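Student: Residues per chain, in single letters:
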Amino acid sequence: MRRFIWATVYVTVGVAAGCISAFALIQQAGVKSVAAGDPWQTRSAALAGPNAFYVRSHYLLEGRLPPAPSQLGEATAETDSDGRPLTGSCTYVLASTGPLPRWWSLGIIETADAKAALQTTADSDTAVHEADGSVKISAATAPQAGNWLKAPDKRRFTLIYSALSSSARALEPPFSITRGACS
Amino acid sequence: MRRHLFWLLVAIVAGVVAHSAFALFVPGWWFSREVRQLARDHGRNSFFILSPDEQAMLLPGLPRFGVTGVCVFDVSEGNVTFAADLPDGFWITTIYTDKADAIYSVNNRQSGANNFTVNLSRAPGLIEQLLKSTEKEAIDEIDSGWTVTSPEPRGLAVVWYPTPEIGLRSIAAEQVGRSRCTAGPAGEG
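Top line first, the protein sequences correspond to chains H and A. Quick note on this note's numbering: the first sequence kicks off at 1 and runs consecutively. Quick note on this note's numbering: the second sequence kicks off at 1 and runs consecutively.
Bound conformation, chain H alone (with noise of 0.2 Å):
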């Protein structure tokens, strides 16, 4: 009888442990800055590298198509360029760090989970360029003059950028996170 118990043990013990490994490795498969220090993360320049198989399946678990290869390049970004958590208790300014893609997008979703609701957006046919033709964008819960995005609530939030892959500045930052004030 102790030998059978010692034996589920063990056995459930590894099972689950395989699970959970598993489950982590998908998890964090392919996942890399964009560029050292950078607040934004990508893992869709990993679905064409060894890594294919587990960044694939993280797209799988979370229900949804990954961004089409060679076509379209994601990013999100949890924190601002300082390292801080993006809160809709604060506003944010996102300035453009370069030249845009033929065509980007930017919006927020209200937790790490990029499955969650998309709240708002500012793409490269609404954006309203600065003079230089570079783009700024507010994010914050109350409405701001020029581009807008609203953020949740006194709620952590995640900015989702998707835009166009087949330009040369594809994996570069795409913008500044500046945290302004807070209430």
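What the hints contain is simulated information worked out from the structure, not anything from laboratory work. One or more of the hints may lead you astray.
Derived pair list, reagent style SDA-like, types lysine to any residue, alpha-carbon separation capped at 20 Å [as the list claims (entries may be wrong)]: (1) K99(A) x A48(H); (2) K150(H) x P164(A); (3) K150(H) x D53(A); (4) K99(A) x P50(H).
Since we're looking at a predicted model, the values are computed, not measured.
Chain H is fixed; fit chain A onto it per the hints.
Tutor: Below, chain A without anything else, positioned relative to chain H:
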């Protein structure tokens, strides 16, 4: 001590098997539920426009204003023809297996035309490939730019067409919705 070592080895083997089984089967099974639901709602081998909510579920990073058309294809019983008839402007057409493996993707600039036909068929298995190469038949069936062979029997052909504002969505949806997905080779649909 030796007994514990034996069961520790058993636990490691169980862990490796569970890890492999989870990674191989769980994500595919999870996503195939979504694909089956789409097929139940809209039918297999037919082209349809996703509602904004369905689009948010399948392609959450894209703006809601855009139009996404999908064909849930099934090539297990024969070829499927996807005939795209898209409006002018920027669009991306991507063909995924039901394991989310993108096997073909083209945008408006790469295509050079808004009307094109993609013939979808099942990729031959290893034994079939070996037999054909022995019979020197394989050379006749090399993919052209408009023929896609899928390693999985089911998949999704996805057309995405961004629109600048919500008011234009219904007009764009009507135009994208002219595309067709039919069982059988081109010309028979």
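Student: Now tell me if each hint is right for this structure.
Tutor: Structure-based check of all given hints:
Only pairs whose Cα atoms come within 20 Å are accepted, and K99(A) paired with A48(H) is accepted, the gap being roughly 15 Å. Under the criterion of a C-alpha separation no larger than 20 Å, the hint pairing K150(H) with P164(A) is consistent with the structure, at around 18 Å. Between K150(H) and D53(A), the direct Cα distance comes to roughly 19 Å. Compliance with the 20 Å bound is thereby established for this hinted pair. Of the pairs offered as hints, the one joining K99(A) and P50(H) holds, with about 17 Å between alpha carbons and a cut-off of 20 Å not exceeded.
This entry satisfies every hint, going by the numbered hints stated previously.
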